[in-house]
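> Chain by chain, the residues run as shown.
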Amino acid sequence: MQQRRPIARRPSAGTGVYLTKPSRDRPHRLGEDAIRAHSPGVVPATGIASRAAAPVGPTVPPSPRAHAADRAAATPLAERIARIALPVACAASWWTIAALHREPPVAAEARYLGLLCAAVLYAALQARLRTGSLYATGAVLLAAIPWALPGTPDRGAAVGVLLAALLAIAAAGAASVDRPRASTVCALALGAQLLARGGDLLSPTAFDVIALVGLAAAAAAATLVLAERRGVLAAVLAAATAFALGPGFTPMSALALAVPAAATLAADRERPAALRTVLGAALFLPLAWDFERGVLLALCAVALAGAPWARLVAGLAGVVAYFAPEAQRFAAFEGPLWLLVLLPIVSSEPSRERRARWAALAIALGTAALSPDRAALVAPAVLLAATVAGTHPVWVRLQATWTGVLAGTVAVLAAYPWLRSSPLPEVTALLGLGRGWQTAVVVLLLFGAAALASRLLAPGERRAQLAPRALAILLVPLALAQHAGTSALPISRQPVELDSRRAVWSERFAEPVRVSAITLDSTLSNAATVPADTLVAEILLRTAGGDRVLPIRAGTDTGEWAARRADVEAVPGFVAPPAFLGWVEAGGGFFGQRYRARLAVEPTGRATAIELRLAPGIPPDLVLTIFHLELSR
Amino acid sequence: MRHRVAASGARAQEERGSAGAHGSQGASAPRRHVYLVAIAAGVALAAIARSALPAEHGDPFRTTLAMLPIVLAAAYAIERWMRERRLRPLAAREATALLAGTAALATAALGAPRLGLAAADPLLAVGLLLVLAYWVARVVVRLRPLLGARLPERPPAIFFWLPFVVYASLVPWTTQHRPPDGDEPYNLLVAHSLVFDRDANLENNYRRGDAARFLDRPLEPQLGDPRGPDGQIYSRHNLLLPLALALPYAVAGHWGALLAMAAATAALAWATLRLARRYFPDRPGEVLAAWSVFSFTPPLLLYSSQIWVEVPAALLVVVGLDRVHAAAVGGSRRALLGLAVPILLLPLVKIRLTLLALSLLALFVWRSVVPAGRHRLSEAHAEPARDAGGGAPAATTASENPPARVRARVLPALALAALLASTAAGILVHNQVRFGNPLKVHSLAELDLTTHPVERYLRGLAGLFFDGAFGLFACAPIWLVALPAIGVLLVKRHRLLADAAFVALPYLAFVAPRGEWYGGWSPPFRYGLAFLPLLGIALAQAFVDRRRTAPRVLCAALGGATLVLGLLWVSAPGWTYNFANGTSRVLDHVGMHLGVDLARLFPSYVRPRPAALWGPLAAAAIAASWWIPALRRRSRARVTAPAGLALGATLLLVGAPAILVAAARLPTRTVEVEDAFVAKTGGELNPPMWTIDRWRYRGAWLLPEGERIVVPVAAGGDLVEIEIEARYLRRRHPPLTLALYAGDRPLGTHDFEQESDWSSMRLGPFPWTAGAPLVLEASGPGEPAEDLQRNRLVVDRLRLWWR
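Respectively, the protein sequence lines represent chains L and D.
Position one of the first sequence corresponds to residue 1 (the numbering used here), numbered consecutively onward.
Position one of the second sequence corresponds to residue 1 (the numbering used here), numbered consecutively onward.
Since the hints were derived computationally from the structure, they do not count as laboratory data.
The model shown is predicted, which means the values in this text are computed figures rather than measured ones.
Ideal placement from N, C-alpha and C gives every residue a C-beta, glycine not left out.
Hints should not be assumed to be uniformly reliable.
Covered, in the sense of this in silico footprint (three residues per stretch, anywhere, with C-beta under 8 Å from a C-beta of chain L), are these stretches of chain D [as the list claims (entries may be wrong)]:
(1) 106 to 120
(2) 593 to 605
(3) 649 to 662
Take a look, some chain L residues computed to stay more than 10 Å from chain D by CB distance [unchecked claim]:
(4) A217
(5) P272
(6) L287
(7) P372
(8) L445
(9) L452
(10) V496
(11) E538
(12) V549
(13) R565
(14) P619
(15) E630
This is chain D alone, in the form it adopts within the complex (with noise of 0.2 Å):
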């Protein structure tokens, strides 16, 4: 099969006459002033219709539609560009129906308040990255005969601009209907900070209301920012990314900084598909896949028009990389400039990423330095037996000569190791002198490993990946089939995992028993970006067997929920923020609007549950049942790529219900009366929603008297015990009296008269009658004079009981 995808690639390559790997050669000389002047007429009629488009009451399309004519003007640019190449162009047919898409959807758009429809504009929106997925997937088609049969030494720049027009194209959206969250508007702060004021101090920012730039809300310094002694107050975060965004700041304010950011993602884009050849040369086609899978899904989707370190941590990791394998082939001083720049940088973006410049330094002695070692070794054994032979030693040259080479590596090693410690101590004296503290807002004992419970190493490192909120595969489940793919590369031994272990492991180690090791309020698997382009080029191995049946309908499967959760994503993208309560937006929406625990059957290791395990066994399963064997190939079963797709899709279709069904007919057990498929007519939850590390206490529903919790409840026998796990708050001397109901039917009640804490009381058994909610009630013996003088009673769970 790799032989047959190397030689299409190369039979495509030669009918286009296209030679060379770029593409260039062969094709009809490229004009370049037709792109300037397209991109030119687009920024233009953008301008033009910035200005003339209606300003609509909250008319959340007007600057999306305003960027339209320049990603049209984009767009006609990578066509002519691969016309010129003599790739195959997009059929007339299909660029018609897309035009006349984008002109319904744009008009639609405009007319949105008037359609009568409440979600008119989410799925508008839905409607627009519709057509741009569909134009993206077949422009990558198309561009695989540039990647030749082998995968070239610099990818064309095509694999930069695509992605950023598709991630450039996004911002508007994403921006105005998400404003900067999280550490971004800090980092904006700081950008801002250095243009205008030329220094860090944020207090004067702050005091004036800077923020309101790009910000529709009064930001305040982060709890336990670091403070001068004049009253400055200085950004946990550090100086390197705000000073990169300073200039496109400047020049044209967030919306500057947001399009570089997806400038670097784009960039970290093509790197990655630069790295590859040093993994999988010969394979052009899988790696293509994985590169557009990487490059246009979650997560690195929603982080491309976000302003974190993460991206540019990525960056600096796959250059970093990527020297490292420059410089253990060649070892030139243009490979170990190349590696320098990264491992001088990380720690400037970030204090915990000197952890991946201290990899990248390791990875290099191991690749670089030990083999020439161990030759250095092999030699001197060898060169006594040449001598005993009587054979006069050949004439060596200086670069021939072992002791030289090895030389020739130790040397930029310790340059190198050199450089990372003087940066790591140049950050530690600043810090020291500045703040007063070596670590910024950290301390010491943080860096201890030893002083976690392995449970919290298993919780985060599992969390990272299978949590239903935060995790890599919960955001986009086509992410799954790089566990066999992994499973592959282990029996191989590929040097790909050993790059990843030196890179990954010692990040993780790191990360993953931090109590936010979910990343805090930010998208999924922030923590995990670091390395996911290694894992994104782990995908190349699961494609190659993309032609068998299991592996085509699962990677349908994965695929149509991943398009699905996708477009949710970019379309509402607050939905990417997910409080660690164990739950997450998604399920919440589902399970208040159906009445359904559905939360209790995906993995939380934020609150962790039975269902934490499925995460592991389902990927055990999927990397299973990935070498079904393949159905034979005359049969008349035979599984064709349409009825593949098909059948995924028919599977992603029965299993999602299957789920849901499972859900609403297992036995209901723990109920966390706090989510939101139990129905509350009043109380609040306790303790509120933005208290700081909010995952260190019990979630609960604080009920006042005379409101009730409705649970709904899937029987699991005739007669059931509950357990009540609360705690009581005397706002006066009255008791609380807790009433229990199966429905309507009264089962009994409890008095809660001293204030107490935490306790756990069992109630029953009592009968049971399927169907019927569970209804808790508090009251009291008479209406308190005013609100506050309700009792109060904080419900964490219940837990009941069947016999």
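Looking at chain L on its own, in the form it has when it is part of the complex (with noise of 0.2 Å):
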């Protein structure tokens, strides 16, 4: 059973709340503690460290109206006013672009933009304790967007790019302080939420933003806990790893990191018995929302803070999973390895959590065989980070900025107008990273290359600031590496559309181009009652070796750019394939979306002309819009 742990907390001149004072008098950055603990004959002093390095000193409670007064005396009044004015203001240059624009989509836009750009703005100025010119510049850039790009999705990418960016900001500030602020935390997770789940603000009801800032509360209180508990780095890791999960703070997501923070409260015998009773029987409580996943979080509780047999009993419970009459046996591996690329500096830590450790693999192998949702890996995934301790340096370094492009681009392909639910995939995908049990040895290999390059370039302790650099710099040409150039792009900015008046679009290529695959963005209008697989057009390459025709099918290559409207919906028998882009529709109650389908071309050839057609027999109001053609090497 953990015992707590005595937390260093020194009385500020003030109200004796803060811990230490903000980083720049004392500037202190992630794993710092580790790369002093191995320095020989330096001592640990403070910081998110490992549990055994905390040092020892008088507990001060915090008090909330302390804190607000503290806080009040360090922020002049001007500041305060300034950072809820910057986030108006921001929103006011939306709002009015959306008021005078002439196209309705765009306008309703800038209005969904401007509120999200005011709500995240807002959280990332709270997270600091001053404004800085890096915010007040990124306010003055959000502004500008609309002024200076004409229409969707531009907008929305650049949008979410510049508030991940700020966003991060905010976060490296707030991890290079010893313990950061409760309203920092706080502020970052809504921050976060607001821009992965910002979809859920385009025609919100109460419910859904009492439930976005809910579940981002809940998330943040969690993670105060299991870093007062189990270090910041831990903490921290595990919020990322459940945000990248999600994405953001869904219910499963948020309760992945609540339940082990509360089962750590629980067995504190220096809390009261009443108190951990009450959290005891809360562990319980998801089993209402969902048993099966209430289960699996009961055991990564338990895991996380009972007694080494009961971790042994978790652990057996996720093997027993595996072994379960309906399991996916090999597709289960998938979990484990999961865990692995999202968290490989698990394979560098010494064996002091081993059970904790098996017991989130096996855990997560008996989800994975049971449940193809990889969401459901987050709480093994929680468990799994909150054993992190930090001990080597470099490590510890390339694990923060792994976990920081991860969540970052997590964030920013949730986000509008990329608006994946899934979008952990997708990420690795995007970074040449291979797909399946790949990934995990990939992630591995690059942390090998980069702690290894460190070590060879850079003497003591400058290895940990050399290694992030060199994982960025190895991502780069593998990233590259996997994606095929471009040979031709017939249809890039200009949309083309068929229908029965003009069914067939034709381009001749100056010279021959070498073509492997096809690369095509569309949608359908005026097609949710065309069946499923339907054959809707065609693609006909001519090459010298003769025409190859590819075609394109509804409901898999490409679909109704209504598909999330209610009653397109509920068609009967509707189908849309995963979605590329959305937009805003002009009476902004749902996204519009735009389909990118991948034809290979086989065998590859040299393409003299591209021409597409219309299937024959089609229901005449269909529309088929061409966005983007790209002939692929």
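Work from the hints to combine the two standalone chains into their complex.
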């Protein structure tokens, strides 16, 4: 059973709330304790650190009122005004454009993005003690986007990347202090949640808003508890991993953080018995929400906070699940492999938490065997992250960088206009890490190569600084190598519409171009009732070796643009492929969708011309809009 | 505050153990070979990248990304140089974030076509620019200790290399997106002819299409280019700049020429910092801030990767001014020779720059000869008194001998005047002999300043600074803070203003009344660039007050606007080129998408309108607000630097939409129908866009039968009278009927029967519904047989009289 760890708290000159002063006075970076601990003769003093490295000191329970007063004293009135005024002014800039724009979809999008910008910017500003030039610049750039970019989805992509960058800067600042403030963690969690789950803000009900904020608050509270009990590094990794798997703080990812946090508190013998009983009972509440996931969460909680035999039991339960009759035993290995992809640092960690880690891997195995849903892996991932001690500074930096890359990219892909519901596999594919078990191997090799490079190129403590840069540099060729070059781009900026009046579009190339695949971004209009897998169009590729015909099928390669509209969704048998991009519909009620299909040309050849034509027999009012047509080598 | 800045600089220098202003003492010995190895590695990687990067279909990033290793190597060399001089290094986390950001953006740039975003290229370019801007900002701040407590005699070379790296890194992107334009290709073609033909005759180069080496379109001689007796075609531009570019062009083609221009611009930046010590020697912090604005914001940033004579001219002016002061102080031969170089070269760069050479000579006389003469006179008056007193005159050396001293100043002045006169005469004779016109393509009448009305002077002078398309402040609003600084300098009777008056006023007097005061087909503030360094130095005075609330907030607001515009100008280089039609690319872009006549609220001196007064008024307001007293220091409302930045950004974010709302809500009174915010179903611009001296004509829209114009209108009352200024071009017998609608509701019609010159007709009054657009539809009784037979109405403007 865990013993409650004494927390180092130094009463500040004012109210005794801050544990240490902010970063400007005492810069302290993620994993610094580990670096110090790694150096012989240096005793770690404060920080994120492993539990063993935690210093001993008096405990001063924070008082919210005192905290607020202290913060008010630290933040001048003008700055507090500016923190509110800046997001409001940013929103005003968007909404002014929205009020005047000639095109209704663009105006609707501007209204939505104005709200999103203001909300996330406000959260990012609240996460810092000082506004800083970066945030002022970020706000100006955010507000300039609707003036410079005429329409969707470029604006959405620019906003998503910029907001993610601002949150990342705030998160990096928060990670540089010994112990982040509760308000900082809450603000960061809320900002990240609003960005990743921003699609829910398009036409939200009160419940949607409460759920968004409530889940972020629960995740933040759980992160703070985990930070106190397991160290900041473990807590940050757990929260970021849950966020990446969510994406964002979904009920499952928030519970995956909250339940283990509650379990660690319940296991604390210094807490009042009544509180421990209530918290212990609360561990089983998720059973009422979803029995299977509730069991999974309870197992992970027990494995984290329970006695060694409890961890063994939790691990055994995972193994039993793997051998369940309906289990997919081959696919189950993806579970532990995804955990390794997310947290490769565990391969370098000492065996102190061996049982908990094996339990996490066994539970992941059992979870993946029973369910293909990757979001369910969030519980064992949080369990595994909570065991990270951060003993090797190079690996700490590598893991922090890697988690930042994953969480940041997931946030961007989950945000408008990409709106991915499960972005993690796409992120790994985008980075050129392959699929399935290859991903885990490539990630481990990357970490090894970056660690080796830093060892060869830098002495002493500078290795930890160099390692993330080596990782970043290694990722570039890897990402590039995975993507074939473009040989022609017949349609890219100006969309082409095919309908009953104009059923054919063609282009002849000046020189023959080599083609191994064709990428097509398209939508269908008035196609809600078209049965799935119906041939709606064909691509005719003229090559020296003869014509190649590539079919385009509804529901597979393309689909109805209004697939998210309630009446379309309700059409019996309606199917739409996963969306590539979304945009705000003119009424602002739902997201329109664009679909991407990658059609292999086999055998490869050199094309002299390309033709698109609607298939005969399709409904006369059906319209196929092609936004992007790319020929790859 | 001044003491604080100086003291902090000195303290920082002491702390870092660099006693010398150059910061080299006390530092570890620099290892030059490391820089060379880094740059060589960067060049090698760039060469590999250039050949290895996939030549994507129309990939706009290929050259930019190939250049990236060189830029990274240069950045590494600069950081290492700073570390060796014990300057604060870049934080490891910042360095990692910058590298990771660059890597991510470069990767995304290579896959840009696959992102499915129409504006992916400029967005990614903006991302890379932001990374570069952040690094430059961090470097500039950390360079402050190098300047010490008093500006050094010669600034360290880093103040050349840093701008050079920035300018050179922009060259691939700007060149790919904006092939040489305006005068640029002609300068390049002359350089090409000098290198390959060893002559200045361009006839064979035009015939062979040599411009294809650096241009994606055929190049024709400029209108009025001088011709030789045997069919030779010469350029109207002087040979000195192409001559200077010939060697780099011979080595590396037009890339070499562009990099040479980047080097010249970086030299200008360095020389400006050097000149600043003549005016603000004890304000190194403020001068550094001013220098960074001058060097890294438009318009200099835009000209750094282009081939115009203005940058070399500015460089020569700055060198000349520095030498004027050096000669005035010491009168050394070296200083005089240094002054002779710009006086000799300026007329050779461009004939109009002779005025600047003349100004430099006059300034030398005023600063050097006149004081010596006064001193001589005062001593001559004092001498009889001394004799009367019976005292024996003291023994004098030759240098202390007053007449000798006057002689020592007068003779060089005479020599410089003779040099300038002989240069000018040589140019005139050469032009007369070679081209039959001493002024090449100009006439003596152009030199007669009395022929221009005052209004043209006012338009040109105000337009150079306040014009919404070509003015300095529209291009980079941060320069507005120079106005309060000039006010302070005026009160102080600072010598900078006197020098600026000597240099700029005669030149402005010549340039301002010209028809093309805006510089023609060029980026903004072309003719002002020669004295921009002086304006940049004046900014130092503005930054003296930077810690007060109003300056802090205003600097943040104007700086934010400059950042956004700068990113726009660099990422979309074509947007800096505006047509002289009273609006600009930016205003057209916003107006077209929003259906708002935004241009009417921005001053234009090409097409003067009431808003032309707003520019100077707004500038006066900014200058006045500079002196708003600061909030009490102990107040809870104290505006810290972060709060000031945030409030400035808020001011900008509120101000810009407010202008937009005003443009949408203020009653429409005048409509220029050719503007982009007016929707048209057909027709064309009249006269066509590329008409020579188009500003001389009425800008109008040619509306054929069957087409319509839809004008967004902000109502100013319930009744409106509509005045139409138009002319009718008859192509066939039936008359043209112009029908007016308020939205879908017909208002009235007017028949045009006889072809007419410009005339004005007033229709109405009509009842008006707020929110409805005004529609003008031209129609005829029947469909013509062919398009050329359609009658046409050329509509210049509409005036709306509200009741």
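> Each hint should be assessed against the structure and marked as holding or not.
Now for the hints, and whether the structure bears them out:
As drawn, the stretch 106 to 120 of chain D meets chain L at 12 residues by the rule of a beta-carbon pair under 8 Å; at three or more, the given contact holds. Using a Cβ-Cβ cut-off of 8 Å, 4 residues of the stretch 593 to 605 of chain D lie near chain L, which meets the minimum of three, so the contact claim holds. For the stretch 649 to 662 of chain D, the stated coverage by chain L is satisfied: 9 residues place a CB nearer than 8 Å to a CB of that chain, which reaches the threshold of 3. Consistency note on A217(L): stated as away from chain D, and its beta-carbon is indeed over 10 Å from all of that chain's, at 26 Å minimum.
With a cut of 10 Å on Cβ distances, P272(L) stays outside the contact zone with chain D, its closest approach being about 41 Å. Remark: the non-interface label on L287(L) is consistent with the geometry, its nearest Cβ contact in chain D lying 42 Å away (cut-off 10 Å). Interface exclusion of P372(L) from chain D stands, the closest Cβ pair being 28 Å apart, more than 10 Å. Listed as a non-interface residue, L445(L) keeps its Cβ farther than 10 Å from every Cβ of chain D; the least gap is roughly 18 Å.
At roughly 18 Å, the least C-beta separation between L452(L) and chain D is larger than 10 Å, which holds for a residue marked as non-interface. Distance to chain D confirms V496(L) as a non-interface residue, since its nearest Cβ pair spans about 14 Å, more than 10 Å. At roughly 22 Å, the least C-beta separation between E538(L) and chain D is larger than 10 Å, which holds for a residue marked as non-interface. At roughly 23 Å from the closest C-beta of chain D, the C-beta of V549(L) stays outside 10 Å, upholding its exclusion from the interface.
No Cβ of chain D comes within 10 Å of the Cβ of R565(L); the nearest lies about 22 Å off, and the non-interface call holds. Distance to chain D confirms P619(L) as a non-interface residue, since its nearest Cβ pair spans about 26 Å, more than 10 Å. With a least CB separation of 6 Å from chain D, E630(L) falls inside the 10 Å interface cut-off, contrary to its annotation.
The structure shown violates just one earlier hint, number 15.
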